[in-house]
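Undergrad: Take the given structure of chain A and dock chains B, C and D to it, following the hints.
Residue numbers (the numbering used here), protein chains in the order written: chain A, 1 to 370; chain B, 1001 to 1370; chain C, 2001 to 2370; chain D, 3001 to 3370.
No lab work stands behind these hints, which were simulated from the structure alone.
Glycine is no exception: its CB is placed at the ideal position from the N, C-alpha and C atoms.
Please note: incorrect hints may appear among the correct ones.
[To be verified] Label pairs and their computed distance ranges (CB to CB):
hint: 1; chain 1: C; residue 1: A2057; chain 2: B; residue 2: V1243; range: 23 to 33 Å
hint: 2; chain 1: D; residue 1: P3247; chain 2: C; residue 2: R2202; range: 29 to 39 Å
hint: 3; chain 1: C; residue 1: K2081; chain 2: B; residue 2: E1356; range: 50 to 60 Å
hint: 4; chain 1: D; residue 1: R3280; chain 2: B; residue 2: E1356; range: 34 to 44 Å
hint: 5; chain 1: A; residue 1: P247; chain 2: C; residue 2: G2170; range: 47 to 57 Å
hint: 6; chain 1: A; residue 1: T102; chain 2: D; residue 2: T3102; range: 17 to 27 Å
hint: 7; chain 1: C; residue 1: G2070; chain 2: D; residue 2: T3200; range: 36 to 46 Å
hint: 8; chain 1: D; residue 1: P3247; chain 2: C; residue 2: P2247; range: 29 to 39 Å
hint: 9; chain 1: A; residue 1: A13; chain 2: D; residue 2: D3034; range: 48 to 58 Å
[Said to hold, decoys possible] To spell it out: a stretch of chain A is covered by chain C in this simulated footprint if at least three of its residues, at any positions, have a beta carbon under 8 Å from a beta carbon of chain C; those stretches are:
hint: 10; stretch: 259-267
hint: 11; stretch: 291-299
Number of protein chains: 4
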Amino acid sequence: MQHGYNPPDFDEARLRDAPDARFEPAPADGVLPDDFFATSNLPTYVKVDGQWRLPRAPRMDGAIVKDPDGLRVTEGRYVRKGQPVAIGYAEDGSEGIFVHTTGFLGSAKGGGEFQFMSSEVSREKPVDYARMAELLRQERERGGHIVWVVGPAVLHSRGRDVVTWFIENGYVGALLGGNAVAVHDIEQALLGTTLGMDRTGRPVSGGHAFHMRAINRIARAGSIRKAVEQGVLTEGIMHACVVHDVPFVLAGSIRDDGPLPDTIADTVRAQELMREHATRATMTIMIATALHSIAFGNMLPAYVVEVDGALRPLTTIAVDTSEFVVSKLKDRGTHQAFGVITNAQDFLHVLRYFVEQPVNAAPHASHGVR
Amino acid sequence: MQHGYNPPDFDEARLRDAPDARFEPAPADGVLPDDFFATSNLPTYVKVDGQWRLPRAPRMDGAIVKDPDGLRVTEGRYVRKGQPVAIGYAEDGSEGIFVHTTGFLGSAKGGGEFQFMSSEVSREKPVDYARMAELLRQERERGGHIVWVVGPAVLHSRGRDVVTWFIENGYVGALLGGNAVAVHDIEQALLGTTLGMDRTGRPVSGGHAFHMRAINRIARAGSIRKAVEQGVLTEGIMHACVVHDVPFVLAGSIRDDGPLPDTIADTVRAQELMREHATRATMTIMIATALHSIAFGNMLPAYVVEVDGALRPLTTIAVDTSEFVVSKLKDRGTHQAFGVITNAQDFLHVLRYFVEQPVNAAPHASHGVR
Amino acid sequence: MQHGYNPPDFDEARLRDAPDARFEPAPADGVLPDDFFATSNLPTYVKVDGQWRLPRAPRMDGAIVKDPDGLRVTEGRYVRKGQPVAIGYAEDGSEGIFVHTTGFLGSAKGGGEFQFMSSEVSREKPVDYARMAELLRQERERGGHIVWVVGPAVLHSRGRDVVTWFIENGYVGALLGGNAVAVHDIEQALLGTTLGMDRTGRPVSGGHAFHMRAINRIARAGSIRKAVEQGVLTEGIMHACVVHDVPFVLAGSIRDDGPLPDTIADTVRAQELMREHATRATMTIMIATALHSIAFGNMLPAYVVEVDGALRPLTTIAVDTSEFVVSKLKDRGTHQAFGVITNAQDFLHVLRYFVEQPVNAAPHASHGVR
Amino acid sequence: MQHGYNPPDFDEARLRDAPDARFEPAPADGVLPDDFFATSNLPTYVKVDGQWRLPRAPRMDGAIVKDPDGLRVTEGRYVRKGQPVAIGYAEDGSEGIFVHTTGFLGSAKGGGEFQFMSSEVSREKPVDYARMAELLRQERERGGHIVWVVGPAVLHSRGRDVVTWFIENGYVGALLGGNAVAVHDIEQALLGTTLGMDRTGRPVSGGHAFHMRAINRIARAGSIRKAVEQGVLTEGIMHACVVHDVPFVLAGSIRDDGPLPDTIADTVRAQELMREHATRATMTIMIATALHSIAFGNMLPAYVVEVDGALRPLTTIAVDTSEFVVSKLKDRGTHQAFGVITNAQDFLHVLRYFVEQPVNAAPHASHGVR
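One chain only, chain A, in its complex shape:
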């Protein structure tokens, strides 16, 4: 929380030889010259008459005004017509203004330009669905192994249909999840609810037991595959995996009800089965599951070795409503994860929308994006 300050070396050539800062008069009250220098909160030195000076009252988002008695940082609204305002964009001293970004050694900021939005994961960052859709199509075309790791939140209404669509259309090389994702998918197929809620989110009478009835029905059939073969399970995500021969791993946890006959209760064995997909993965999409995402992230290399031996980063997309889960994934070492902070069902809807856009058309056209 406290670090010493290392002042700039003003004898360094680029500072010693820098020109004086330039000033232009404000064109009107409360209006700055177009090219005003915009301040940050870091130590900022301005060269006036050959001397580097620190303006008074520093703050970010201000302008630097030359008063008769010295330099001062102020907000644009207080500038009066004709007052001299510092001009320029460069922060390296080359235009007479130097922002000392590395003065506080050991600080978290360290160095580099003053920026907004420097956090790695934030709901305030735009999501480039067109790019994700393009990567997904590329992987399918080159026969990559796209591993989906999903939590039960993907099951809500359309989310379930969209995952099924991705399976049916060849975008899923393997599906990893837990007992719950299969249970609630099957609950939906057999009884029309998820976690006892209908598709509008209303609890159904007796609904708290519906997942137990679904499990019992599969226990009687013997396995998910047998339930499909016996005509018990006729639609949904697990059905699509069976029908389209997409391998799935349902890894057990202590939260599991049942569990289903297909669920691997032994976590070491479940890790081994997941690891087989980790070593083959060429792209990974992890949606709404902290446990399975971090477990799978632990097993993943950060890169893919191509057939010719070249390396490329392993595209790893992590979707969650909370920054925390994605940050935690990174904090456990999966630094390459690209975080999307949103609702699982909406992510799936929008991703499918972009995947279905004609490849050669400008994908944003219908939305008027330039």
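TA: Here is chains B, C and D on its own, set in the frame of chain A:
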């Protein structure tokens, strides 16, 4: 945290006259009879030989087995073929099993059926976009006053385009927000960035000052409307409001940079302008802003008085990435708010998608939803 | 999102026979009479000249003013000296003002008084540590089985010491957790770091592997108990469990590194071991672990059967930094959970502080609480 | 999401001249040699017979085993007694193993050592209260200007008492907040509730209006100071500010009820008053308010100019239950903020506890921390 227990009155007619519970043998090891009674964690009494008994080892998601020495709750996986398992769905005693939901007076649960997903706001609930789209279309048709309250998160890439589309297509009666939403919309229009990030989320060099340059440009023009008239501002949300005569209120806050000439720095005056829309509102959509949502929620009645004097609830949709913001809105008294926990740009994309669906077609059809 | 309105029955005796509302003049500009009726956003009827009327411009936090042309809701700041303002506290019509809380059937609110802070779990609610400390002391005195379910967040600096203190002082009947909590406790004991961070949160060089080295050391010893016996493990939470014969269950998960020899990799077996403590539990404290809290919550009855056969609720305290985890626990059926939204290490520090207060002294006295 | 790979330059001296990696036999099945090299997920080259090789099946938290047919990453549990395992700690090639941290240019990770917990703000980081307490005591001793920026969450039960204690004991140079913090402090003083809840968090009948009654009472008195002078307001935070001449700024917002006569409704004027404290601040503590923290952060320099002209960083502590608020503060440019993720009332309790510890004693001693 501690409440006394009020046992059931077994002399009450419905309990006194209830039949004994029925039991059926388990069809196989680890498989329950189809109609097994599924337990909750609440006190559950089972009538055997005319006596109400509490099974041992209570827990939820279990079944009730009759052992030689009494009743026991267990999980399906431990049931052996032929063991007698309690049968039934009714929890009111009418089939010999009584769940005492009101035994702990003063408890948060209080009474009512044992349920999952009883929280009001959760990312784990499905979102019924088709219904929201229908309500929105109805309001437009009957000339309602649809008030949108938006935070800067709507500006990210496509979000901004979709809000503009809603304005252009008559779905926005008034737009309420703060200085930031207008600043970053205009930053995007004039300089191509939001908060100094480009459309893919990468910081742009010098970007931390772009919003200040946008503000300065509007300050020079005199107002947003004048900037449109002077050809300075040619696209985006604020431009659409001006061109389509959609009133907007930019309420000031202490976080504001600038502020823009249009921003109402006096918060009491800003409340008055917002209140004019609150008294006229027939539907409200609040997206990604705690401050403005709660402020506007405070001003809103929970209902609309129709032309004929009849009352109906005021549809109030609150969208945020965090349950906390929506719960807080409710905790401040806006109980009618329907919460959608998702990313603003995805919400807008999916809502537009459903609004554009043909009205008479099954709206889900193209997504394969039954 | 839309429900019909069921108007009040004004022929009902309590409404038909209710008196007219009373009005008093405002004592000064912007000042209301002391006993002003404070509005909510629900339909509110005011009896004037024997007629029930709806005031114009309804909103919460307002007062009702009688204008020459009717009733109007307004904010206190707009009231002028002498204007007649409605008076009273009763909302049931008995003082001439009736708030119709049940008008919108099927609405989430349903009925009951208009309230703030109706959500069950919120960081905005006070936490009654004195009461929790009292319950904890009572359980210890009567020889209850207090089950602690903990995640690795309890390990941070003082948190670890406080858990150890609770073990040493007889407040822990069993400790349930995962591989990680033991691994990082042992990492701390052997190498001085947690997750590779030192006690101030700074990453240590090579620290990413420290937990692996800790696991390897225990693997060599054969088990945690053997490591204690061999003098390898000399302090910390797991050490205290061994020395004080507090049983622990380390339930396996697919995220586990190692795992430790003591970790139960088979999740069905781990459930069985946890369930033994669930059936005996008389109080439960769950800290900073969604997986283990929800798993254990699933196994817990909502009540304890006392020796004399009487039932009382099972005190269940759930601590997490996020409302989501606690709400999810409740949404999975553990309705009795009392949520504390805070940081694990601070919870532990404050709980110990209150447990250590002299029992008969006013526990808040030293903090000046009345 | 995709970046090219820049392989290491194996002709560089440090790699060309590096020794072969060393291997030692595993001492037992599932046990690694003490000094095993622990893998990360980054490209890792191992020198064998003078050749740099990439082991197969890379992942983090593994060991490198030499098989007859090459190198392989595996988990410790699969190693068999006697298998040769790579040894060493250095990741720079000097011991024959090279982790190529900068291979993926443009990646978020960029370079630097593979680490866990690299995120800047996380509930999973320990909080060094002893250090914060020491800084606070130092500032008081040297007459610094400690600015507290607080949201209403500080008011819950003991939180309010502790803030009052800090004011009374000279640790508060100025108190900045909004209308709500003063309203609910005064509601507590006059009516015993906060947001209509009593000290245990239970809603009180009629409680939704208590804050309006508190406001009305101050409106009648004329101001907070007058209410103190008239004996209306006799305890609490605002009372302590008046009595101890601690300046406060209550900045207005559109969410304000009332507002109180002391609240500055004009946000530009409120900014000016806050800014006076920003320019004088030598330490800042921001608790549980996004709006006021970010507003004040915008005004703050990142440093303090000492009397002798030397610069030091401005200690800025930001406390919130959510990582998001602290990350947002940083994303708006206040990079120097040190985040504490916890509950406001617990933060205050623990901070006071450490401030009260004897300065020269080991502050942790009573908690058994080494």
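Undergrad: When the hints from earlier in the document are held up against this structure, which numbers fail?
TA: Checked against the structure, the hints that fail are numbers 4, 8, while the rest are satisfied.
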